[in-house]
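Student: These are the residues of each chain, in order.
4 protein chains.
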Amino acid sequence: MTHKIAILGASGYTGAELARLILGHPDLSIAALTGDRKAGLEMGDVYPFLRGRGLPDLVRIEDVDFAGIDLAFCALPHATSQAVIKALPRDLKVIDLSADFRLRDVAAYEKWYGKPHDAPELQAQAVYGLTEFYRDDIRRARLVACTGCNAATGQFGLVPLIRAGLIDLDEIILNLVVGVSGAGRSLKENLLHAELSEGANPYGYGGTHRHLGEFDQEFSRLAGRTVEVQFTPHLAPMNRGILATIYVKGDPQAIYGALAGAYAEEPFLHVLPFGKAPSTHDVRGSNYAHVGVTADRRAGRAQVFVALDNLCKGSSGQALQNANLMLGIEETTGLTGAPLFP
Amino acid sequence: MTHKIAILGASGYTGAELARLILGHPDLSIAALTGDRKAGLEMGDVYPFLRGRGLPDLVRIEDVDFAGIDLAFCALPHATSQAVIKALPRDLKVIDLSADFRLRDVAAYEKWYGKPHDAPELQAQAVYGLTEFYRDDIRRARLVACTGCNAATGQFGLVPLIRAGLIDLDEIILNLVVGVSGAGRSLKENLLHAELSEGANPYGYGGTHRHLGEFDQEFSRLAGRTVEVQFTPHLAPMNRGILATIYVKGDPQAIYGALAGAYAEEPFLHVLPFGKAPSTHDVRGSNYAHVGVTADRRAGRAQVFVALDNLCKGSSGQALQNANLMLGIEETTGLTGAPLFP
Amino acid sequence: MTHKIAILGASGYTGAELARLILGHPDLSIAALTGDRKAGLEMGDVYPFLRGRGLPDLVRIEDVDFAGIDLAFCALPHATSQAVIKALPRDLKVIDLSADFRLRDVAAYEKWYGKPHDAPELQAQAVYGLTEFYRDDIRRARLVACTGCNAATGQFGLVPLIRAGLIDLDEIILNLVVGVSGAGRSLKENLLHAELSEGANPYGYGGTHRHLGEFDQEFSRLAGRTVEVQFTPHLAPMNRGILATIYVKGDPQAIYGALAGAYAEEPFLHVLPFGKAPSTHDVRGSNYAHVGVTADRRAGRAQVFVALDNLCKGSSGQALQNANLMLGIEETTGLTGAPLFP
Amino acid sequence: MTHKIAILGASGYTGAELARLILGHPDLSIAALTGDRKAGLEMGDVYPFLRGRGLPDLVRIEDVDFAGIDLAFCALPHATSQAVIKALPRDLKVIDLSADFRLRDVAAYEKWYGKPHDAPELQAQAVYGLTEFYRDDIRRARLVACTGCNAATGQFGLVPLIRAGLIDLDEIILNLVVGVSGAGRSLKENLLHAELSEGANPYGYGGTHRHLGEFDQEFSRLAGRTVEVQFTPHLAPMNRGILATIYVKGDPQAIYGALAGAYAEEPFLHVLPFGKAPSTHDVRGSNYAHVGVTADRRAGRAQVFVALDNLCKGSSGQALQNANLMLGIEETTGLTGAPLFP
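Residue numbers (my numbering), protein chains in the order written: chain A, 77 to 418; chain B, 77 to 418; chain C, 77 to 418; chain D, 77 to 418.
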């Protein structure tokens, strides 16, 4: 049985990535694509890599007939999803890829995003969409809020450790190297090839990055106390990929055991042999994540590494994994494509 | 029904690309992988992006049990395939990705490759593997010789034009921009990131590039006379992709018509609207090729553009397309994955 | 003696490159920098690589006191220089890096740039600024119009051949691989790292690129007849560099001789040994250009290659070379820095 | 007065960078270049970017006449310099760019480099070459051991803080993003463009990187106790540049004050305004380093950032700065070239 899908905001990178993935999914078909400024265009004009694949043209959201659509992915910019999703039919399953429904506490939302929440009643129903940790809730959800790509990466390295009480909660440092597609199709000087290639720089440092809202929420919930990590993402000249290097205090072997145990049955999370570190090259374009643990030379300290593709596992692949759960499809369907290398 | 496959030379890029593609193919399973210097290793150690996918370990060719194997891909370096394939069971279907069986005339082989042909009797049976032009022969073949990646790109732009007699055969200029994976996993200074990124240079210029042997063979055969093109490939700092810019003399609209007509039913070749040019970005990681035609400002001159992925459509994807034909599988199976963008 | 310099339009790439070069020039000092939208900012805020070098803050052009300034570089966008330069003091030496004064024939200007010329009387005084071919005129000029970067590259390969009557004027094909900084600091989707890196595509094809106006003007003038080249630039994922591959008909050795002879005494043009081709890697960040000639396998055909840095030799370095001439300084001063490699 | 210079090991990247820099130095001339496997070649054949600059051909070390040479840079691979330098004339000033003389304690050398020291008597005379901290010793030295590029970067961020007793010595985490030229001209698969571009990975993690020997030595000496940092370098797809992100515990404003004070008079070290972070883009190809400090959201924690060019300030530029001191030349001579951007 084929489920009909709409992608709202198909002209951004996460929307295009959803289209790419769904084209290879045997049980889903794309019934509608929306794009505000690009309404009226063929998808192949907006993204020539999708030319000739029989996709519907881009339309405005208000022109979509949602009757017969089983699930909508909402890949709109932050701060626009709340109003849009509020206006969708009540029985339509929705997966939001923006930040609009990630924070359960609307006060936290206002703190990190600088504006009041427009749909607190919907927020109350929203399930946080990190599949590996919220699988059962997602299966039953009507509205799922996919995570930030950095937030997903950090949580894969830390959730099993916090849950098991293996690390010092006051001494977590999350250092990320991040590919540029995480910034979206934004026209900014620092995202130009001429200014981004051949160099690296930190951004969102000093406790200002909005994904901290997700870390605080999830880690504090798990720990039963306030947990605040030190977090520094760095922009590197690559299009896809996030590499988290997480500095923790705890027993490296116990840490390794907790991660290896937590992910032993996970189809998309591979824990490397102890002492090996992953590379974003090895997960590019895929829904797989690689996790590694190494001991530091000083006892009681370890590095945990996580590599994933920000657009796929960190965003659109995660969203599709959730859609499979919500639609009663085998969870891995359409997501087992191997990474692209080289 | 699942067909069992061997990949000989799985430690190179085309071998790894075959593995990547076949992992997504519903009717093929990989029964054996060989690698000479890397025999004994897990495929996930040689290529971590293939970790955890249940692939067999690398073995030496002599340790492969070919009983039960339906087809072998031979992804060995040039000049080593002839001896290897000669030693394979006579009833095993073989697809060679090297240059060893591309040239029908063993004298031409010796001219371009600088050594006598080791298996002239096999050469006589080999079918030149550019699927779109040799489909029926490939279906019946036991041994198929896949084309050079540059050779494929140029032929997609020129074969229909030469066949239709639309262009001046003495005035064909083939200019290519080529990604670095075409050089294979070779340890050479000019292929290091530090020396290749952020620059471009021609190579194999002045009529010396070996793929000229294929152009000469195929174009002369079609034209019924000697056709020699002027050919300059350029190395650019990208991993995958070939962009051919072909300068021809003829009527641009007739040229466009011939290409559009020739490829109208081709599943993997998209002809863009007249006047538009393709980009390698839009075919990366896929078996699709984009073709464009533009008129020059001077009458009777045109540019024909072809963009494809050298490792996929130019090599391993082409090989898999041929394998589908040889095994009686629908030709596009396992090859319709959308390109990776960005 | 130190000459005082103003850079009008210092917030673009050519303006910043001028600042970079002049910081290393012993006889020039930067007295004023202008930037329209960025007026009021420190240069180190607009371009942190220039932080701490004692440069003046950016101001509006109307706030510059031109008394005491010996020469102004005008690095403004195309179509804005004509009005600005018209308003400058009459005795101020001016070097324009835009396209506004490159075409002697104002009708040709209107044809290629789509608007009437705003300062035809100034156009009549302007000297075309390709130093190696207009040295004496430049020395005496008040207004010099630097060339397009593509135009410079093509002319270095062709001017001596046309002058010597060595090639078929109807059969010149100019194929370029071009780095992205040539497009300036423009906020366009196709210039984003995510969309430009890892791919290549032609642009401005089919006789539409504006630098054809310069080729037509210069080649026709030299030949005494209309010469129209076929020209296709390609965008490649590199920041600096232009590689011209020029297909010509003529005797390769004679062609080589003409180029080697023409540039034997040129300080910035190196002709490689016959049969060798240059790489943009080897001129990056410098005012040097490398020229190569190879014979095709068919007699009477050759490839001429030229590599240079579009921002330096193709634009700001060329401008500074002209400034040296106009100010009576030794021509190579401040321009002999070696390329940056790797 | 011109001093004559020899570069031993000119075929590697640091040797070539020395040649590039010295070509722009008014008081030095290159009298000899050596290269073992490449002896007999022109420098322009080994590095075409240095073509046409009048450099001597490469010779073997044993063929260099050291009479008349004032100073030799030794840019040989690690573990080969000790024997070579031992054989040089006793009155020749020597600057070694390898790791062979960096560790004062020959036992520490053996621990980190896995072999006994070949020249302990020379080690006793060697001065550790981080110019900003050992200026007076360097001025008087006969043998200077330049630092590791990672080691220099980390020390610029930490030395003033440790000296001032401002940070918790047990809680220093040094996270680096490193360009690929730091690995030298090494033929390794992971350094190929195809395998390095478009991704990032940690290396030398878990307390194994040899530059830890330098950190341990310098930080412990300053602190008067053993200091061991946690250090993780990451390889990113860029050719030049190191970005250190240093996590420390201490008062951010005091930390900022100490760094700003320490470097107020330093010609090559720029401390950014408090709260700003540097980018490697802004120092590429130059001898400048940018330093930034940001407060974390939790009191008593800060991030210190340092960006420099590994080949220049981290290695060959540092060496030349030391040479200026040793030869009685103004320290900044030949080193004030602005970074290359874009």
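The set of hints was computed from the structure by calculation and includes no laboratory data.
Mixed in with the good hints, there may be bad ones.
Intra- or inter-copy, both count: the list cannot distinguish identical chains.
Here are the computed lysine to aspartate or glutamate pairs in the DMTMM-like style, where the Cα-Cα straight-line distance is at most 25 Å [what the hints assert, rightly or not]:
hint : residue 1 : residue 2
1    : K325      : E247
2    : K264      : D133
3    : K187      : D112
4    : K162      : D244
5    : K169      : D244
6    : K352      : E118
7    : K191      : E118
8    : K114      : D181
9    : K325      : D141
Student: All the hints need checking, so say for each whether the structure fits it.
Tutor: Each hint tested on the structure:
1. K325 / E247: This pair counts as both: shortest intra-copy Cα distance 7 Å, inter-copy 11 Å.
2. K264 / D133: between (27 Å within a copy, 23 Å between copies)
3. K187 / D112: neither (28 Å within a copy, 36 Å between copies)
4. K162 / D244: neither (41 Å within a copy, 50 Å between copies)
5. K169 / D244: Answer is neither; intra-copy 39 Å and inter-copy 51 Å both fail.
6. K352 / E118: So K352 and E118 pass the 25 Å test across copies only (15 Å; inside, 45 Å).
7. K191 / E118: neither (34 Å within a copy, 33 Å between copies)
8. K114 / D181: This pair counts as neither: shortest intra-copy Cα distance 34 Å, inter-copy 40 Å.
9. K325 / D141: Answer is neither; intra-copy 53 Å and inter-copy 50 Å both fail.
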